[in-house]
Amino acid sequence: MDAKFLISGDTAVSVQLGDEISLEVNQKVRGLMVNLTKDPINGITEMVPTYASLMVHYRPQVIRFGELKQEIEKRLGSMEKITDCGGIVKEIPICYGGELGPDLEDCARFENVSVQEFIRMHSAHEYYTYMLGFAPGHAYAARFEEPFHFKRRESPRVKIAGQSIVVQLNLSNLIPFPQPCGWNIVGGTPLTICDYSKEDPFLVHAGEWIKYVPINQREYDKIKEDVRKGTYRVKTYEKGVK
Amino acid sequence: MGIVIENPGILTTVQDEGRFGYQQFGVSPAGPMDTKSFYIANILAGNDRSEGALEMTFQGAMIRFEKDNIIAITGADMSPNIDGTPVPMYQAVLIHAGSVLTLGMTNGNGCRAYVAFAGGLAIAKVMGSKATLMRNELGGMDGRKLEKGDKIGFAAPKTNLPNMETRKLVPETFPKKELTLRVVRGPQDYEFTEEECRKFFWYGAKISNEFDRMGCRLEREEPLHHIGDGNIITDGISFGSIQVPPNGQPIIMLADRQSTGGYTKIGSVISVDLPLLTQSMAGYKVRFVEVSIKLAQDLYIRRLNELDNLERKLNQ
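Respectively, the protein sequence lines represent chains B and C. Residue numbering for the first sequence follows the working numbering, starting at 1 and increasing by one per position. Residue numbering for the second sequence follows the working numbering, starting at 1001 and increasing by one per position.
If you're looking for bench data, these hints aren't it; they were derived computationally from the structure. These figures come from a predicted structure and were not determined experimentally. Ideal Cβ placement from N, Cα and C applies to all residues, glycine included.
Straight line, CA to CA, 30 Å or less: simulated DSS-like cross-link-like pairs of lysine-lysine:
hint: 1; chain 1: B; residue 1: Lys159; chain 2: B; residue 2: Lys229
hint: 2; chain 1: B; residue 1: Lys69; chain 2: C; residue 2: Lys1294
hint: 3; chain 1: C; residue 1: Lys1145; chain 2: B; residue 2: Lys159
hint: 4; chain 1: C; residue 1: Lys1145; chain 2: C; residue 2: Lys1177
hint: 5; chain 1: C; residue 1: Lys1294; chain 2: B; residue 2: Lys74
One side of the interface only, derived from the structure: several residues of chain C facing chain B at Cβ under 10 Å:
hint: 6; residue: Gly1139
hint: 7; residue: Gly1143
hint: 8; residue: Lys1265
Bound conformation, chain B alone:
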């Protein structure tokens, strides 16, 4: 589909590049953002990539809507396509079940598999981070293999713990802070998903991949301690290398 320029007030425009949630459409969004970051259009103040559109915030005193639309259209016509599925993979340790993952057994039952098989299905694949939103560092991630069949819980919880890992269908999000949530919680990570004191506060960025690595409670406690001391390093590799 052709790009749509959806006016979002007098200081923002949503550039919609597709009408589905897919890797192909999302990589067009990332491609446009990369292009506008490397070679900025004067007047753009910030960009927010989402599943299928790029929100461009701008200063009308520098560039008016019509002119901005023309400039972005030029870029869309000439920009390089991001075609590879490459990128950085980050290993996120996850302790399944128990207090950290109160819905693990329910989920295995919904899926009609054993808990071990459920954990294998959840942790065997890499998840693509489509976008961050809702809260600082909240990653919206999806795998492309073996989707689950269940969606949200019937009634949402008023508050779930920060550092929870929640699932539905092929999606699995990282929850940085306590929040209301209707998804099923399968586990928790000892890593800090958003740390304001760091120069880069966010564990995962849009366009990166996540690989969940099962750990037990003892390993969870150990990693948590290392994180507290500042000695833990997140394992990272190029997609396809491992």
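With chain B held as given, fit chain C onto it using these hints.
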């Protein structure tokens, strides 16, 4: 040394212009609800207009000064006084060490007051900003509203500013009981029939009690109907976006808005009209008038020029 909070009022936070550049990571910009009053307070106090100031809601704070400094109070009229003597609003005023500045309950003209301090407040920036985002315990005073006993230092206090005698403006009059907001259609007005869009503009709505820094929920007698189910593929949100969730009751997204959302947005309140809404209260009636993006941006630029001219005049 600077100020000590003797009584924080209902909701007093440190806000600068906002935390920009981090919406791509899910961080709300926060910042002032009424940008116009906020900018004018800073300009009168001789500051860069983006400097951190205090935003007070409904009932203001009681503040003891430990050091001399010039301040300017704008926005809602909370009958400010210094040691019991009324102090003019929309004017640069020198306050002496030992004095107590008290802002009371709003007299009905607006609901958010701004107090700017010459030279700014000594608040550490987080991600480039002093703005408080309470929901995520970010920025300002430990990410929270001010409490009794809080101390905030002055960054560079002043006892004199150029044109001190002419650093004043006529105070603003805010809407009472009803207001009209101009709206640019989009980004998802196509999710409604033309008839539903007309209804949105023809029949107003009432401001509900669910009105905070994040958003303002409206109550319409007849909910709006979507062509589809009211959900979209999550996309970006801007200040003033009018979300219409599946229940058909609009929510106008404000300073502490989420950066992204999955509900249809029928339109956006234009920037220059947002302060009218953010100074209004529950129960007020709202009407919407459609304007073009061209007019909205012309008005935006005119507002900026007015602020630039004021700044130039006072600082020459």
